[in-house]
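**Student:** For the record, the sequence lines run as chains A, B, C, D, E and F.
Residue 1 is where the first sequence starts when you use the numbering used here, and the numbers rise one by one after that.
Residue 118 is where the second sequence starts when you use the numbering used here, and the numbers rise one by one after that.
Residue 757 is where the third sequence starts when you use the numbering used here, and the numbers rise one by one after that.
Residue 914 is where the fourth sequence starts when you use the numbering used here, and the numbers rise one by one after that.
Residue 1047 is where the fifth sequence starts when you use the numbering used here, and the numbers rise one by one after that.
Residue 1340 is where the sixth sequence starts when you use the numbering used here, and the numbers rise one by one after that.
Keep in mind the hints are simulated off the structure, nothing from the lab.
Wrong hints could be hidden among the right ones.
[Claimed, not checked] Capping the alpha-carbon separation at 35 Å, the derived lysine-lysine pairs in DSBU-like fashion look like this: (1) Lys-823/C x Lys-1309/E; (2) Lys-891/C x Lys-942/D; (3) Lys-819/C x Lys-92/A; (4) Lys-712/B x Lys-819/C; (5) Lys-1498/F x Lys-1480/F.
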Amino acid sequence: MEDLRETVIIPVTASELYSKVSDLNEDGYRLVQACCTKVSEGFEIIYSFDKEHELLNLKLTIPEEEEIMSITGITWSAFIYENEMQDLFGVKFKHMSLNYGGHFFKVSQPTPWNPKN
Amino acid sequence: MSTITFLILFPLLSAIALLVLRTDAARGVIVKVSATLIAVASIYLAYQYFGIGEEYFDFANETVNLGMTVIEVLLAIMIIYLGIKYKKYLASVLAAIQTPTMIWFEVKVGHHIHVTNNLYVDRLSIIMVLIIGIIGSIITVYALGYMKDFQHHHKDQPDRRPFFFFIMYLFLGAMCGLVLSNNIVWLYFFWEITTLCSFFLIGYTKTEEAINNSFRALIMNLLGGVGFVIAIVIMGSSLGTLELNQLIMMGMFGVPAVTYVAALLAFAGITKAAQMPFNSWLLGAMVAPTPTSALLHSSTMVKAGVFLIIKLAPLLGWQSLAGIMVMMVGGITFIMASFAAVSQSNAKKVLAYSTVANLGLIVACGGIGTYAAVWAGILLIIFHAITKSLLFLCVGTAEHNIGSRDIEDMDGLFTRMPKLATYMIVGISAMFLAPLGMLVSKWAAMKAFIDNGGVLLVMFIAFGSAATLFYWTKWLGKMVAIMANRENIQSGVNKDENFVLSTLTILTVIVCLIFPLISKTMIVPYLIKAFPYVDPKHMILALSSTNMTIMVIMLFVLIVLPILFFGRTNKKIVPIYLAGANLGDDLTFRGAMEKEVPVSLKNWYMEGYFGEKKMNVIGVIATVVIITGVFAILLGGVL
Amino acid sequence: MSYVTKSPWLIHYDGSSCNGCDIEVLACLTPMYDVERFGIINTGNPKHADIFLITGAINEQNKAVVKQIYEQMPEPKVVIAVGICATSGGIFKECYNIMGGTDTVIPVDVYVPGCAARPEAIIDGVVKGLGVLAKKKEAMEKGLPIDTAKGKEKEEA
Amino acid sequence: MAAFKIGKVVLRSLFKKPATLMYPVVPRKWEERTRGHIDININDCIFCGICARKCPTNAITVDRNKKSWTIERMQCIQCTHCVDLCPKHCLSNENTYTTPEVEKVVDLHVAPPEEPKPASDDTNKDSVEKKNA
Amino acid sequence: MNMTIIISVIAYIILAPIVGGLLAGIDRKISARMQGRVGPSILQPFYDMFKLMEKEAITVNKAQDFYVGCFLFFIIVTGGFFFAGLDLLLVIFTLTLASVFLIVAAFSSNSPYAQIGAERELLQMMAYEPMVLITAAGLYLVTGSFNISDIINPENGMAIKFLPGIFLGFVFILTIKFRKSPFDLSMSHHGHQELVKGLTTEFAGKTMALIEIAHWYENIFLLGIVFLFIANGTVWGAVAAVVVCLVTYFIEILIDNSYARMKWQIAINSSWIVAITLGFINMLVIYFSKFVL
Amino acid sequence: MGKRTIIPFGPQHPVLPEPVHLDLVIEDETVVEAIPSIGFIHRGLEKLVEKKEYTEMVYVIERICGICSFGHGWGYCLSVEGVMGVEIPERANYLRTIWHELSRMHSHLLWLGLLADGFGFESLFMHCWRIREKVLDIFEKTTGGRVIFSVCKVGGVRKDIDEATLKEISSVVDGMKKELKELADVFLEDYSVKNRLCGVGYLSKEDAAELAAVGPMARASGLKQDMRLLGHGVYDKLGFEPCIETAGDSYARCKVRIREVFQSIDLIIKAIEMIPDGDISVPVKGNVPANECVVRLEQPRGEAFYYAKGADSKFLERMRVRTPTNQNIPAMVKTLQGCDLADVPMLILTIDPCISCTER
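Only chain A is shown next, with the shape it has when bound in the complex:
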């Protein structure tokens, strides 16, 4: 029961994210989700991966203006999460394979989770 709630969170840096995700993908991990939290130092992005019910979380903390590598090249299904982060937070991604250009969620104000932008 207890280990169920144990959350494995591995911090990563923006530069090693891509290779790490790539490794995980080759290992047979699938992307569960990616989620962004607005924290004072910028964005905290958690990528979750799963392999046979084992969950692995990568936590990436970046300053707001930093552009990070899109992982859609590795797992295409990440386009949903990346577009979401782009629309709601204003996280910048490089080389997205399917970029809705801010029209994934049409919101009345741009990047509502990060009103400064």
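We have chain A; now place chains B, C, D, E and F onto it with these hints.
**Tutor:** Chains B, C, D, E and F alone, transformed into the frame defined by chain A:
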């Protein structure tokens, strides 16, 4: 008699004049005057022999025969030369077989056979002459404006219009000769001229595709020509006559050799009428400028083939192998070409397949060979000639104005070019809808098939009509789509073209209205003559007079209804439903990623079901099997 | 005697609801509630519809859509806001992407409360809507402007 | 032959009584727990305002001075959170729902000015006013 | 004789929409019961129609109304011809004309859903047309006439005796013509569809009402063809024919409620196969017995 | 050939009650390409954590979706309980499991009905929904709501089910088996249904893994992936084994869900047999500590993901819900390519889309 001579020779004179006088103005005058004269002459011919009905002319003249032979040799040399020049050796070989055989026959046998009646007029040839004289010449008028635009659009190509018009008029003359000759050798002569003319017309643009296709047409027609020659040889040597009416007479009395002649002539007819193994030449001919297509496929060339078969109809039917061959080939062509048309989006190809299909129907009617079937066949010839030329010319005009001959690009034509769209709608409706022409004949054909054609032909016509319905309505749908916010470009249409199109449209409607009259005064008398063994009192036509009257009334209603009601609505006009994403102009909707996506409406083609290739392969195999089978049996009978 | 009340066809659009009301709207069509007893058909096509059932609140995305569907419905027509979200924005009222209830975009004739609105409530709402429909039809026949039939527009917007 | 699999069900249904509840001809019987609408026994209310503060949709307003408890019926999501939190247990969940209206319904409950009398349904009803939003 | 024709045509024009509407109402009631519901009143189709008449007059373009009007007109004419005992082929071709008008009306709207609906309707027409023509041919072979007044002739007996295959084939395509599941591809009277309302998406108000009425006419006319198979000119024959019509209608309702909507491939394949097998074999048998034996 | 037609599919479309837009590029009737556009019902409710206390937030989270409402409530509670380190009573766990499985039944029956409607089988739709009402009656009786229950709270559940009612539930769901069997036969054996389902929308095991499909979508392609195996609730005690099919087409997805309905019935009956007495909740007081917790729960539609981050206040700093549909959209887009237009509604349905879940 003089009218006949005029009809055959005058086009030739005009042709030479057109070749010599090369200015636009002169050409315009000559074409318009000649066209009028030919049309008037053909009407005069009809008037002249209206009461007489049938007359044969003794026009025995050795010089004419000699002249024909000389021209034939020249033509053969020309074909052989062209064949070698363009490396199409098969054409040369065929010509090299055909003409020497013919000359050998002339010298050896033909010379000794006395031909009493070289020319003749009967009601069928009057009908044909009217079609050639009116529709054919009106097409040449259309060609004036069209070719001007054509050269304007294709600046890179040399202006060979004098030659073009020369060939066209030559063609008209040859066609008149063809339908008026009773001497089979003369018939053959004109037959060969039309072959060659079509070769030049198809190859007009001299692009590689055009040359290939023109040679394909040539080779296939020469193949038919070979059959023709053999038929003449057999006819001359074993029947001892060269007269068509004699041949038919002998056939009715059951002279055995007639079967071979009929089969070979029917074979020639099948090639010329672009029936199934040979349909590809007609499709290839679509590379030519549109007036050519209209001329070749609606009123002349292919009509020569079906004319011959209809003429021979009394010799065909279930009792003769030739008849079975002809009706099966026609039936298969009808169904396969109709199916293939479903998968086409190029308007000219649709028209081409539809032409092939309709010719198939006529051929099948001829093959059945009963008076009811022939009645249907002749009606089909009339309606098809008018309607198809209208449609071909409409497509030509559309092509020059919207820059495409693809049906898909014609959407909303009703908004963009209302007049042209109306012509086309009339033309399309006339091809398959109830009170209009083609359906009447289809109906008659169906009745004839049920009575005499056997189950298979009934199935062919049932399924073929279903496909016909599909592709025509599909096209019709494109025409009628109303796109509120598209610009009207009708004014860009050339005056000559507009005149021709409206005339043809009116003609279509008029012929549909008066077809019972045509049937009564022209077709039925012909049938009584052609089928002397059928008691005229018992000649029950496929359509009872009640039905004809109803059809005419319906058509009248259909003309009146739009005049009274079309577009008269005071309802509020609202935008179309686009799942809540209409951007307001009915032409775009808000798509994914906030893009403005144009509303595009495209038809169905069902490539997987009715793919052109598939249908052609099936059709060609089936018809080749039938034709070779029939000839094998015939040959077996000889040996 | 007007037939609008005997055969109200409806169109249903999900503004930004949670599905709860939507499935209850659908449940109305199914054997237990069977609104076809009243001649109600879920047409799905605004051009055939008399009653516009809208569930969920309005947001930036669907504002134009709702408006367009409403405009494409022929008169007389009635808008029924089903569920709390459609009536007032409900629990999502404070969300950044929610503009409010249906009445922020189009005039609403009947409000059906409930989270989720029960099928019974929806039936009650439709019955109420029929009354409005009949009135609108009457106004239409008299040539009065139809929106005045109810005499109320969106004031707060 | 696996066609017509549903035939049995369909034909049986044809001759059976339909499953339809026939609402509104036959009124619906509600379960005891059915979350219909929130009711208040205004006499017990101390106007502490917890319900108003904790209401997820801010449907409840409590005015301590006017001694009024107002609920916007078209806002309430019947989560019964207020019922759970009410220190005096004067809020209750009733199993009948607010009827659909052409206007947004707001129910205003004002405590009677005097000292609370023994509560009865009639007094409640008298103190309820309906007004338009 | 002429009098009876006039009477039957007038009776058709007046009664067909009433009977057709009632049948539609019964259909909806029975369908509802099959689905375990109470269902609407039997008069519901009439309510719907009158309501549509009362709705605001809207259209998407000025041409549509004309086409729909022609559709209704020619459907009535079709039935009129039929009940006047005219040529069966004439009747079929007029029906085709009417259907084409409906399709053209849908095409003219330039709306994608209506257009795909029209396209599908066309496809369905292509699917059932052969069988309809074969039906006419079969009746002709048996009775020696295309005239409906001659087909119902005591001398001929019941056509169904010779045409069981063609009868079954015709009932098969009736599913398409009645727009019943599994072949309600182009538009369906109920249920959701990927094409919204398909063919009828862009028709509203009165226009839609006209289409409804036309469908009632059409249904009666189609049942009339079923009638032809049984009727033999006698009273009991007519009664039997009416009973068979009703049974056929009930079977269609049952089929409607027992099948998923098929795709167009199945629609065209199956109806062509039915036409080829049932129709062709039946015709062959008749030919064989008539001309060979 | 230039014969491509682009039609808008949605936002308003009768097939789907929910607004979703697809640009369908079709050739004849074959879909060449489908470009999804979502966001029509985006509300942004995750951001309400800033305005609603964690105890109120459960009512918001429940209303992410009216179909999987209970699961969302449970997932939220689990994640907050995880952050706060709260242990809930065993009876509450049982009750949650029972409600969750009932939700699954109702959701799957709803889906089966919609699927039947999607392929134009109206009577089947009606009968599915008729049976479904029985489950809704149980909800009405036990929670007071038909679709939104509001019974889950941080620390347990709000309402208990008494012994008699539990027995009744057990007999009701057991009694449903017979009727369900009849309808399951139609779905699994009827010619016309099989014709519409078999081989349509094939998703290979590799693709399913690659596109990270979840729930029945993944299980129908042969992936053994069911979050109930993780041990939330009392599934481990009930001896749960996931239903796996390997065909990967719509038929397999339908079969997985039908099997799951029967499985749910068994699980419910077993859970009712085993349910212990005791409290149904523990009191939870105080702020949410600055901690993180990730919870994954098997919703009827598949794996849902909850991430809660506390900030030592009554308000959470971040509440993230990733719903199964969200994860299945790539797989849906993939299966849509090359299908028939007539299959589009069905293929959208086979992922059992919950757009309100996806967009929150």
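**Student:** A separate judgement is required for each hint: does it hold in the structure or not?
**Tutor:** These are the hints, each one checked on the structure:
1. Lys-823/C x Lys-1309/E: 34 Å, holds
2. Lys-891/C x Lys-942/D: 32 Å, holds
3. Lys-819/C x Lys-92/A: 28 Å, holds
4. Lys-712/B x Lys-819/C: The hint holds at about 17 Å.
5. Lys-1498/F x Lys-1480/F: 11 Å, holds
Comparing the model with each numbered hint stated earlier shows that all of them hold.
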